[in-house]
Amino acid sequence: MSQVFYQETYNRYYPAVCRQLTFMLGSRAVAEEITQETFLRLYCTPPRQYENIGGWLSKVAANLAYNYLRSEKSRLRREEKIKGHGFTVVSSEESALQNEESSMVRHALQSLPERDRLCLLMKHSGFSYEEIAEAIGVKKSSVGTIIARAQAKFKRVYLAQKGCDA
Amino acid sequence: MCYKEGILQAYLDSELDSEQACEITRHLEQCAGCRGALAELQSNDFFAKSCMERYLAGVQETYSTIKDTRSSRNCFSTRLRYNISKLFERGLNAMKLYKK
Numbered sequence: 001m002s003q004v005f006y007q008e009t010y011n012r013y014y015p016a017v018c019r020q021l022t023f024m025l026g027s028r029a030v031a032e033e034i035t036q037e038t039f040l041r042l043y044c045t046p047p048r049q050y051e052n053i054g055g056w057l058s059k060v061a062a063n064l065a066y067n068y069l070r071s072e073k074s075r076l077r078r079e080e081k082i083k084g085h086g087f088t089v090v091s092s093e094e095s096a097l098q099n100e101e102s103s104m105v106r107h108a109l110q111s112l113p114e115r116d117r118l119c120l121l122m123k124h125s126g127f128s129y130e131e132i133a134e135a136i137g138v139k140k141s142s143v144g145t146i147i148a149r150a151q152a153k154f155k156r157v158y159l160a161q162k163g164c165d166a
Numbered sequence: 001m002c003y004k005e006g007i008l009q010a011y012l013d014s015e016l017d018s019e020q021a022c023e024i025t026r027h028l029e030q031c032a033g034c035r036g037a038l039a040e041l042q043s044n045d046f047f048a049k050s051c052m053e054r055y056l057a058g059v060q061e062t063y064s065t066i067k068d069t070r071s072s073r074n075c076f077s078t079r080l081r082y083n084i085s086k087l088f089e090r091g092l093n094a095m096k097l098y099k100k
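The listed protein sequences correspond, in order, to chains A and B. Under the working numbering, residues 1 to 166 are what the first sequence spells out, in order. Under the working numbering, residues 1 to 100 are what the second sequence spells out, in order.
Wrong hints could be hidden among the right ones.
With a cut-off of at most 25 Å between alpha-carbon atoms, the simulated PhoX-like pairs for lysine-lysine come out as follows [unchecked claim]:
{"#": "1", "chain 1": "A", "residue 1": "155", "chain 2": "A", "residue 2": "140"}
{"#": "2", "chain 1": "B", "residue 1": "49", "chain 2": "A", "residue 2": "59"}
{"#": "3", "chain 1": "B", "residue 1": "96", "chain 2": "B", "residue 2": "86"}
{"#": "4", "chain 1": "A", "residue 1": "153", "chain 2": "A", "residue 2": "139"}
{"#": "5", "chain 1": "A", "residue 1": "153", "chain 2": "A", "residue 2": "140"}
{"#": "6", "chain 1": "A", "residue 1": "140", "chain 2": "B", "residue 2": "49"}
{"#": "7", "chain 1": "B", "residue 1": "96", "chain 2": "A", "residue 2": "139"}
{"#": "8", "chain 1": "A", "residue 1": "162", "chain 2": "B", "residue 2": "86"}
{"#": "9", "chain 1": "A", "residue 1": "153", "chain 2": "B", "residue 2": "96"}
{"#": "10", "chain 1": "A", "residue 1": "153", "chain 2": "B", "residue 2": "4"}
Some residues of chain A that are not near chain B, with every Cβ distance over 10 Å (derived) [what the hints assert, rightly or not]:
{"#": "11", "residue": "4"}
{"#": "12", "residue": "8"}
{"#": "13", "residue": "19"}
{"#": "14", "residue": "23"}
{"#": "15", "residue": "28"}
{"#": "16", "residue": "44"}
{"#": "17", "residue": "53"}
{"#": "18", "residue": "69"}
{"#": "19", "residue": "80"}
{"#": "20", "residue": "108"}
{"#": "21", "residue": "111"}
{"#": "22", "residue": "148"}
{"#": "23", "residue": "155"}
{"#": "24", "residue": "160"}
Because the hints were derived from the structure by calculation, they are not lab data. Beta carbons are placed, not taken as given, at the ideal position from N, Cα and C, and that holds for glycine.
So here's chain A without its partners, still in its complex pose (with noise of 0.2 Å):
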């Protein structure tokens, strides 16, 4: 891979990559390191076709992230265990309030299957309907009608927490 095509890549896809990963991990810090990685990746292994660099990207980047969540479980599960009940979350009121729309659209999005989800996340990161298509493996005629269900349910389940919590 040629340094100018790598560079233009990367110039090109940081923000959409790095946007998606802060809203799959919920961590900007997190989501810099991992798309980083994403780069490396590209830069290490590229794919055999570049046709659709944006797509396999998103893709990396999302099973790079999935890795990480799954690590990050088991790691907390350890250190949980370690503790024992002595497990203790500080976090301020401030914090929580803060945090209780950011949970409120985790919650929603988490209603959504795995795949629509990513197809989401994709588009409110800035990726077109041929790099979702490529990442979540479908049509791209499919994309359109995957993101107006997946959005409409996503209203839904986050107007229903709203309604409960009032």
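For chain A, the structure is supplied; the task is to place chain B on it using the hints.
Positioned in the frame of chain A, the structure of chain B alone reads:
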């Protein structure tokens, strides 16, 4: 003939070719049903978009308050790998020049 939600969503996202988009624009002028469907999609779209933006803003605000030792360790190792790959690449380029 009315359009399905998938096509209308693609229309909304400017993902259709100009010919198809023109066709839909013409149809929308005459069909209240499709106009209604499009308005519904547009409102869902706007709703999801604003939720996502607020979510991201929240993440950015909490960023400085999170202090995760593991992520900083990860950060170190990926940076290190990145630097190594950069060095390697520089070496390769130097070799290419040398060959010439």
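Outcome of the hint check:
Annotation: proposed proximity of residue 155 of chain A to residue 140 of chain A holds, straight-line Cα distance about 24 Å (limit 25 Å). Proposed proximity of residue 49 of chain B and residue 59 of chain A is supported: the alpha carbons are some 22 Å apart, at most 25 Å. Straight-line distance between C-alpha atoms of residue 96 of chain B and residue 86 of chain B comes to about 15 Å, which keeps the hinted pair within the 25 Å bound. With a CA separation close to 21 Å, the supplied pair residue 153 of chain A and residue 139 of chain A stays within the 25 Å bound.
For the given pair, residue 153 of chain A sits about 21 Å from residue 140 of chain A by alpha-carbon distance, which is consistent with the 25 Å threshold. A hinted pair counts as satisfied when its Cα atoms are at most 25 Å apart, and residue 140 of chain A with residue 49 of chain B qualifies at roughly 21 Å. Restraint check for residue 96 of chain B and residue 139 of chain A: not satisfied, since their Cα atoms lie roughly 42 Å apart, outside the 25 Å limit. Annotation: proposed proximity of residue 162 of chain A to residue 86 of chain B is violated, straight-line Cα distance about 49 Å (limit 25 Å).
Between residue 153 of chain A and residue 96 of chain B, the direct Cα distance comes to roughly 55 Å. Violation of the 25 Å bound is thereby established for this hinted pair. For the hint linking residue 153 of chain A to residue 4 of chain B, the alpha-carbon distance of about 17 Å falls within 25 Å, and the restraint holds. Consistency note on residue 4 of chain A: stated as away from chain B, and its beta-carbon is indeed over 10 Å from all of that chain's, at 13 Å minimum. Distance check for residue 8 of chain A against chain B: the nearest CB is about 16 Å away, which clears 10 Å, and the non-interface claim stands.
With a cut of 10 Å on Cβ distances, residue 19 of chain A falls inside the contact zone with chain B, its closest approach being about 7 Å. For residue 23 of chain A, the requirement that its beta carbon stay farther than 10 Å from each beta carbon of chain B is not met, with the minimum near 7 Å. With a least CB separation of 4 Å from chain B, residue 28 of chain A falls inside the 10 Å interface cut-off, contrary to its annotation. Non-interface call for residue 44 of chain A relative to chain B: violated, since the shortest CB-CB distance, roughly 7 Å, does not exceed 10 Å.
Consistency note on residue 53 of chain A: stated as away from chain B, and its beta-carbon is indeed over 10 Å from all of that chain's, at 18 Å minimum. Distance check on residue 69 of chain A: its Cβ is at least 13 Å (rounded) from any Cβ of chain B, clearing the 10 Å threshold; non-interface status holds. Non-interface status of residue 80 of chain A relative to chain B is upheld: no Cβ of that chain comes within 10 Å, the nearest being about 15 Å off. For residue 108 of chain A, the shortest C-beta to C-beta distance to chain B comes to about 8 Å, within the 10 Å cut-off, and the non-interface label is violated.
No Cβ of chain B approaches the Cβ of residue 111 of chain A within 10 Å, the least distance being about 13 Å, so the stated non-interface status holds. Against the 10 Å criterion, residue 148 of chain A falls within the reach of chain B, whose nearest CB is about 4 Å from its own CB. Residue-level check failed: residue 155 of chain A sits 5 Å from the nearest beta carbon of chain B, not beyond 10 Å. Every CB of chain B lies more than 10 Å from the CB of residue 160 of chain A, the least distance being 13 Å, so the non-interface label holds.
Comparing the model with each earlier hint shows violations of hints 7, 8, 9, 13, 14, 15, 16, 20, 22 and 23; every other hint is respected.
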